[in-house]
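K.L.:
Same order as they appear, the protein sequences are chains B and V.
The number in our numbering is simply the position in the first sequence, starting from 1, with 514 added.
The number in our numbering is simply the position in the second sequence, starting from 1, with 514 added.
Derived by calculation from the structure, the hints in this document are not laboratory data.
Honestly, I wouldn't trust all of these hints.
The list treats identical chains as one, so a pair stands whether inside a single copy or across any two.
[To be verified] Below are the BS3-like pairs computed for lysine-lysine, each with C-alpha atoms no more than 25 Å apart in a straight line:
id: 1; residue 1: Lys535; residue 2: Lys595
id: 2; residue 1: Lys656; residue 2: Lys535
id: 3; residue 1: Lys693; residue 2: Lys678
id: 4; residue 1: Lys595; residue 2: Lys694
id: 5; residue 1: Lys697; residue 2: Lys595
id: 6; residue 1: Lys694; residue 2: Lys524
id: 7; residue 1: Lys550; residue 2: Lys535
id: 8; residue 1: Lys697; residue 2: Lys535
id: 9; residue 1: Lys595; residue 2: Lys615
id: 10; residue 1: Lys563; residue 2: Lys521
id: 11; residue 1: Lys694; residue 2: Lys656
id: 12; residue 1: Lys563; residue 2: Lys595
id: 13; residue 1: Lys656; residue 2: Lys678
There are 2 protein chains.
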Amino acid sequence: MKLLEEKVLKEGIAINENILKVDGFINHQVDPALMKAIGEDFASHFEGKGITKVVTIESSGIAPALMTASAMQVPLLILKKSPSKVLNENMYQTIVTSYTKGTSYELTLAGHLINEHDHVLIIDDFLANGEAATGAIRLIRKAHATVAGIGILIEKSFQPGRAKLEEQGFFIYSQVRVKKLGKDLIELA
Amino acid sequence: MKLLEEKVLKEGIAINENILKVDGFINHQVDPALMKAIGEDFASHFEGKGITKVVTIESSGIAPALMTASAMQVPLLILKKSPSKVLNENMYQTIVTSYTKGTSYELTLAGHLINEHDHVLIIDDFLANGEAATGAIRLIRKAHATVAGIGILIEKSFQPGRAKLEEQGFFIYSQVRVKKLGKDLIELA
Numbered sequence: 515m516k517l518l519e520e521k522v523l524k525e526g527i528a529i530n531e532n533i534l535k536v537d538g539f540i541n542h543q544v545d546p547a548l549m550k551a552i553g554e555d556f557a558s559h560f561e562g563k564g565i566t567k568v569v570t571i572e573s574s575g576i577a578p579a580l581m582t583a584s585a586m587q588v589p590l591l592i593l594k595k596s597p598s599k600v601l602n603e604n605m606y607q608t609i610v611t612s613y614t615k616g617t618s619y620e621l622t623l624a625g626h627l628i629n630e631h632d633h634v635l636i637i638d639d640f641l642a643n644g645e646a647a648t649g650a651i652r653l654i655r656k657a658h659a660t661v662a663g664i665g666i667l668i669e670k671s672f673q674p675g676r677a678k679l680e681e682q683g684f685f686i687y688s689q690v691r692v693k694k695l696g697k698d699l700i701e702l703a
Numbered sequence: 515m516k517l518l519e520e521k522v523l524k525e526g527i528a529i530n531e532n533i534l535k536v537d538g539f540i541n542h543q544v545d546p547a548l549m550k551a552i553g554e555d556f557a558s559h560f561e562g563k564g565i566t567k568v569v570t571i572e573s574s575g576i577a578p579a580l581m582t583a584s585a586m587q588v589p590l591l592i593l594k595k596s597p598s599k600v601l602n603e604n605m606y607q608t609i610v611t612s613y614t615k616g617t618s619y620e621l622t623l624a625g626h627l628i629n630e631h632d633h634v635l636i637i638d639d640f641l642a643n644g645e646a647a648t649g650a651i652r653l654i655r656k657a658h659a660t661v662a663g664i665g666i667l668i669e670k671s672f673q674p675g676r677a678k679l680e681e682q683g684f685f686i687y688s689q690v691r692v693k694k695l696g697k698d699l700i701e702l703a
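The shape of chain B in the complex, shown without the other chains (with noise of 0.2 Å):
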């Protein structure tokens, strides 16, 4: 997507060759006007294929989950990162371990508000090694629904997380593919 890609290459921190921050547009200030863009570029992507139901994981997929949940014009579903301290029955949970990051966190999901019915789009900000978005996809098989695809703002795509998804059959868009990382030096695919 052209939009995010001048983007990330204009306003995009290099640290190192992982590192990538964008603070200043997704993640920590957010430009409402970009992220309508996106939205509209993942509804249009996926349009026609039976979604009911947005999924992403808190909190920096909400942004851009949430305008494409409105350009589809169908409800978000955010995956909370703790469970929640109020009702604990009928709650779906799996283990995120990220290798990255070297932290572990626990994946929730109200029962009450998915089913075997939904045809879910997973929307998320970045994809490395996939960790995330594979935690969100036990979750949706434990409900009994079905992934449509993942839609991803950036991927890191020297890292293995798309051949791990495509392995297992899915779909994936991702509007920036960043080839290469260094200090000051973002290279896309």
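Put chain V on the given structure of chain B with help from the hints.
P.N.:
Chain V only, in chain B's frame:
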């Protein structure tokens, strides 16, 4: 705001005299059309106040705050609940203690994203004791920016948050004011 009042009365679930679950349309599943209407309502209430940015706290404030920023055509700043692992220089930080939940967290804001010319609107989903809003205000003041007002989706008007913030001279607009909660009881103000 009529639309949100109706939604709270129809789909909100009062667990006890303190807890109102709105997981079905605000926190866990999000209704994009409702969020758009919420954002437009905030934008019209704070029109002409010279607002340069909308500020919210991750993660349940992100959806309504993004739609508000979108309607106002200004950037959204998301205050993070844990310090960025990537870069720590020029970070404003403060500790927020939630007496209701019995938890504390660190709220952070990158210094390069805000300055003394910013006049911000704080948007959050709930106002109860005002701890989160007070923490956000501390960060905004550390950056020498100013607060134009506070927009809340659901205020628990039986708790002291509003009084504490108004004492400090802040203007608060709540779309829904809940006067009383109890098992299966929601009474609006």
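K.L.:
For each hint, tell me whether it holds in the structure or not.
P.N.:
Okay, the hints, checked on the actual structure:
1. For a Cα distance limit of 25 Å, the shortest separation of Lys535 from Lys595 qualifies both inside one copy, at 22 Å, and across copies, at 17 Å.
2. With identical chains, the CA atoms of Lys656 and Lys535 are at most 25 Å apart between copies only, with a shortest distance of 23 Å across copies and 33 Å within one.
3. In the homo-oligomer, the alpha carbons of Lys693 and Lys678 lie at most 25 Å apart inside one protomer (17 Å), although the nearest pairing across protomers, at 51 Å, exceeds that limit.
4. With identical chains, the CA atoms of Lys595 and Lys694 are never at most 25 Å apart, being 30 Å at best within one copy and 30 Å at best between copies.
5. In this assembly of identical chains, the alpha carbons of Lys697 and Lys595 never lie at most 25 Å apart, being 31 Å within a copy and 27 Å across copies at closest.
6. Taking the shortest Cα distances, Lys694 and Lys524 sit within 25 Å of each other inside one copy (16 Å), while across copies they are farther apart (51 Å).
7. Taking the shortest alpha-carbon separations for Lys550 and Lys535, only the intra-copy value of 21 Å comes in at or below 25 Å, while the best inter-copy value is 28 Å.
8. In this assembly of identical chains, the alpha carbons of Lys697 and Lys535 lie at most 25 Å apart only when taken from the same copy (11 Å versus 46 Å across copies).
9. With identical chains, the CA atoms of Lys595 and Lys615 are at most 25 Å apart both within one copy (15 Å) and between copies (16 Å).
10. With identical chains, the CA atoms of Lys563 and Lys521 are never at most 25 Å apart, being 29 Å at best within one copy and 29 Å at best between copies.
11. In this assembly of identical chains, the alpha carbons of Lys694 and Lys656 never lie at most 25 Å apart, being 36 Å within a copy and 37 Å across copies at closest.
12. In this assembly of identical chains, Lys563 and Lys595 lie within 25 Å of each other by CA distance neither inside one copy nor across copies; the values are 28 Å within and 36 Å between.
13. For the homomeric pair Lys656 and Lys678, the shortest alpha-carbon distance inside one copy (20 Å) is at most 25 Å, but the shortest distance between copies (45 Å) is not.
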